[in-house]
Amino acid sequence: MKTKLKSLLAIVLLGSAITTRSQNVSYQIIENDPDKRNLFIHLNPFNTQAYLSDITIGYNIQATWLAAKHLQFQVDYRKAYLDENATGIFSPVGLKKSSQLEIGGIFNIVNKKKNKSHRIVLKSSSSGRYTYTSSIYVTGEARKIIGFRGGLLTLFSNHKVNNDFTKKADGMQGKRADGTVSYLRDSINFETINFTARSIGLYGGIDFKTIKQLIVSAEGYGTKSNKIMNNFYLDVLFTPLVKYDLKLNTGQAYMSNVDINIPENKRKILGWRLGWQYTLNQPCGFNAKMELGQQPGLASKSFFLTFGFGMTIGLKTKELPI
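Per numbering that gives the first Met the number 0, residue 0 is the first one in the sequence shown, and the count goes up by one each step.
30 Å max Cα-Cα, derived BS3-like pairs, lysine-lysine: (1) 143 / 226; (2) 68 / 226; (3) 143 / 113; (4) 78 / 159; (5) 122 / 112; (6) 246 / 174; (7) 315 / 115; (8) 159 / 95; (9) 242 / 267.
No lab work stands behind these hints, which were simulated from the structure alone.
Could you put the whole structure together from the sequences, leaning on the hints where they help?
Structure follows, in C-alpha cells:
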C-alpha cells in the first residue's frame with residue numbers, strides 16, 4: 000500500500016514539475032484575432048446517421064456565415080450514398096436514399112470578445128498507453144456568441160415493414176380500395192415492404208459558439224497556436240407535414256392501390272437534437288460533428304445518432320451593415 004502511495008505521489012510531483020517548467024517558457028504573441036474569419040464551409044465526405052430502424056453513410060455540406068454582430072446564416076445538406084433500408088434484396092430499383100436539408104439563421108443575443116486563458120500545446124509524445132503533453136496557458140481574446148437559431152427543415156428517410164405473419168399487430172397499416180384497413184403484409188411473395196417518410200417543417204433552439212485565434216512563438220519550441228471554433232446547440236424539431244409513400248418492387252404491384260397515409264399510421268411531428276461541432280479555425284482545416292436526438296416522421300424508432308468529419312474552408316468576408 001505504501002509503495003502505491005509513493006508511486007502516485009511521484010507521478011503527481013512529476014506532473015507538477017512539468018507544468019511549472021512549461022509555464023516558465025518565454026513566448027511572444029504573434030497573432031491574437033478571433034475575428035480573422037467569419038465564413039466557414041464544411042465539406043464532409045463521411046457522415047453517418049444511425050437510427051433504431053436504419054443506418055446510413057453519406058456526405059454533408061454545410062456553411063456558416065457570421066454575417067453581422069447580431070446575425071448568422073446557416074445551410075446544412077446531408078445525403079446518403081449508402082442506405083441500408085434502400086438497398087435490401089427486396090427493395091425496388093432506383094429507390095432514393097435518405098437526405099436532409101436545413102436553411103436558417105441565428106439571432107445573436109450575446110456577441111463579445113473576452114480575455115481568456117488559452118492552452119498552447121508545446122510538445123506531445125506517446126509511450127505505450129500513455130501520452131505526455133507539455134503546455135502553457137496564454138491569455139488571449141476569444142469571441143463568445145450566444146443566439147437563438149431557427150429555420151426550415153426537410154427530412155427524407157427509408158423504412159421497411161418486416162413480413163412476419165406470426166405477429167398480429169406490427170407497424171404500418173394500409174387501407175385498400177374497398178375501405179378495409181389491415182397491417183401491411185406481402186401475402187404472395189412473403190417479402191419485406193419498403194416505404195418512405197418525408198417530413199417538412201421548422202427547427203428552433205439555442206446556439207453557443209466560442210472562437211479562438213491565438214498564435215505564439217515559444218522559446219525553444221517554435222510557433223504554436225490555439226485556433227478553434229467550438230459550437231454547441233440544442234434544437235426542437237417541428238414537422239407538421241409528414242407524408243408516407245409505399246415503394247413496391249415489381250412483384251408487389253398488386254398492392255399499388257393501398258394507401259398508408261391514414262390516421263392509423265401515427266406521425267411524430269415533434270423531435271429534438273443536441274449537437275456539437277469542432278472546427279480548426281484556419282484557411283483549410285479539420286472539423287468533426289456529432290448529434291443525438293429524436294427525429295420527426297415515423298412515430299416509432301425515432302432515436303438517432305450522427306457523426307461526421309471532413310475539411311473546413313475558412314474565409315473572411317465583409318460583414319453586413321446591420
